[in-house]
Amino acid sequence: MAEVTYLEAISQALDEEMTRDSNVFLLGEDIGYYGGAFRVTEGFYEKFGQWRVIDTPLSESGFTGAAVGAALMGMRPVVEMQFADFISCAFDQIVNVAAKNFYRWGGKTPIVIRAPFGDSVHGGAFHSQCPEGFFFNVPGLKMVAPSNPYDAKGLLKASIRDDDPVIYFEHKFLYRRIKGNIPDEDYVVPLGKAKVVREGADISVITYSAMVHVALEAAQVLEAEGISLEVVDLRTLLPLDKNGIYDSVKKTSKAIILYEATRTGGVGAEVAALLSEDMFDHLDGPLIRISAPDTPVPYSPPMEEFYMPRVEDVVKAARRLAAY
Amino acid sequence: MTNNKITDAHSLIDILKEAIKKEHDSYDYYHKAASIAVKPASKKMFLRLAEMEQGHASELTRHLSDLEAQIHIDKALTASF
Numbered sequence: 001m002a003e004v005t006y007l008e009a010i011s012q013a014l015d016e017e018m019t020r021d022s023n024v025f026l027l028g029e030d031i032g033y034y035g036g037a038f039r040v041t042e043g044f045y046e047k048f049g050q051w052r053v054i055d056t057p058l059s060e061s062g063f064t065g066a067a068v069g070a071a072l073m074g075m076r077p078v079v080e081m082q083f084a085d086f087i088s089c090a091f092d093q094i095v096n097v098a099a100k101n102f103y104r105w106g107g108k109t110p111i112v113i114r115a116p117f118g119d120s121v122h123g124g125a126f127h128s129q130c131p132e133g134f135f136f137n138v139p140g141l142k143m144v145a146p147s148n149p150y151d152a153k154g155l156l157k158a159s160i161r162d163d164d165p166v167i168y169f170e171h172k173f174l175y176r177r178i179k180g181n182i183p184d185e186d187y188v189v190p191l192g193k194a195k196v197v198r199e200g201a202d203i204s205v206i207t208y209s210a211m212v213h214v215a216l217e218a219a220q221v222l223e224a225e226g227i228s229l230e231v232v233d234l235r236t237l238l239p240l241d242k243n244g245i246y247d248s249v250k251k252t253s254k255a256i257i258l259y260e261a262t263r264t265g266g267v268g269a270e271v272a273a274l275l276s277e278d279m280f281d282h283l284d285g286p287l288i289r290i291s292a293p294d295t296p297v298p299y300s301p302p303m304e305e306f307y308m309p310r311v312e313d314v315v316k317a318a319r320r321l322a323a324y
Numbered sequence: 001m002t003n004n005k006i007t008d009a010h011s012l013i014d015i016l017k018e019a020i021k022k023e024h025d026s027y028d029y030y031h032k033a034a035s036i037a038v039k040p041a042s043k044k045m046f047l048r049l050a051e052m053e054q055g056h057a058s059e060l061t062r063h064l065s066d067l068e069a070q071i072h073i074d075k076a077l078t079a080s081f
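Respectively, the protein sequence lines represent chains A and B. Per the working numbering, the very first residue in the first sequence carries number 1; after that it's consecutive. Per the working numbering, the very first residue in the second sequence carries number 1; after that it's consecutive.
Check each hint, because a few of them may be wrong.
[Stated by the list, open to error] Simulated pairs of lysine-lysine, DSS-like, Cα-Cα distance not exceeding 30 Å:
| # | chain 1 | residue 1 | chain 2 | residue 2 |
| --- | --- | --- | --- | --- |
| 1 | A | 157 | B | 39 |
| 2 | A | 179 | B | 22 |
| 3 | A | 100 | A | 179 |
| 4 | B | 39 | A | 179 |
| 5 | B | 43 | A | 179 |
| 6 | A | 47 | B | 75 |
In case anyone wonders, no lab produced these hints; they're calculated from the structure.
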């Protein structure tokens, strides 16, 4: 076991998969000579060469389309969006090409799109978005969003080995702030499986990525008040692990859905809808969503702090829900 | 963040590193005082003060790590490769 940062875990997964399978290669802006804007691929250009670590022009649509073509020819490309915000430029290639190939003729499109996303980095409206909701209702896509180094490495390896297109949402705030132990040997974290990261009895907090840490901090605060939170880390957003969510809610009968994307029409809304449809008889209180408001991410740090879901928001909601 | 702000952040890093060193020195100072204190009340007070200094050092270290992590993100945001 070795302790690594979230960023190092991602880097290790890429390195090991490229070493294991010569069909795996990388494309993206400044990922080669410079090693990536966040330095995830530092040293890769020297180790794997210019044909497997390709510096692309500033054209997300162009290099994502090239990657889709390579995937159709049997390669396993990993595309880096410098910031997840820029993924909208490649929307057509992802949604209308990569996601639909299987439905059109059974074509496999094993492409991974790495998307550094998330707030709390003072990046403003163009470098802080959580765009998972844009892709959430697209059949044919898979989406993951790890919260810790173990899952970051295991989910990336699983994504690269998967035959479907996967968007891998990696949280910028966690890159160098979260550390954890990971095994020395090869492992994957299966796609489509949520994980209970904290057992609890009173309220389920269903969440993912950086918000897992907010939920865990709130759980500590509430423990002193005798309110026991169970924290469910979704890990995979598409497909959602319905059974993992339902098992927790059957136990606690109450649920908070916590996410840092804008409020309307995304992962949180879908989890709430599923619980309302399938778990109504098990619920002893209202479903509560805690999210960012439906506005662009503010640039001003105090406003960004206000915009983000905070520990005190979870604590307040849990107190309200515990009273039912 | 502009390059000036990145420079400011580096100055803050130097300040934090110096502050952490001062807290460690204070911890050693009080710990040493506790070891030579004869009265139990004095020993207890020095140990409590040493523990407080350790707490300050931990808080400053956490802040330093956070600032260093943010500097990497700021470089990416401003493309100051």
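Handout entry: Straight-line alpha-carbon gap residue 39/B to residue 179/A, limit 30 Å
Key = With a Cα-Cα distance of about 43 Å, the restraint between residue 39/B and residue 179/A is violated, given a limit of 30 Å.
query: Has the given pair, residue 179/A with residue 22/B, been kept, meaning a C-alpha gap of at most 30 Å?
result: Answer holds: residue 179/A to residue 22/B is near 27 Å, not above 30 Å.
* Assess, step by step, whether the Cα of residue 100/A is no farther than 30 Å from the Cα of residue 179/A, and give holds or violated. => violated (37 Å)
Between residue 157/A and residue 39/B, is the straight-line Cα distance small enough, at 30 Å or below?
violated (61 Å)
Under the criterion that the straight-line Cα-Cα distance not exceed 30 Å, is the pair residue 43/B, residue 179/A satisfied? At roughly 37 Å apart (the allowed maximum being 30 Å), residue 179/A and residue 43/B break the hint.
Do the alpha carbons of residue 47/A and residue 75/B lie within 30 Å of each other, as the hint requires? holds (24 Å)
The structure shown violates the earlier hints numbered 1, 3, 4, 5.
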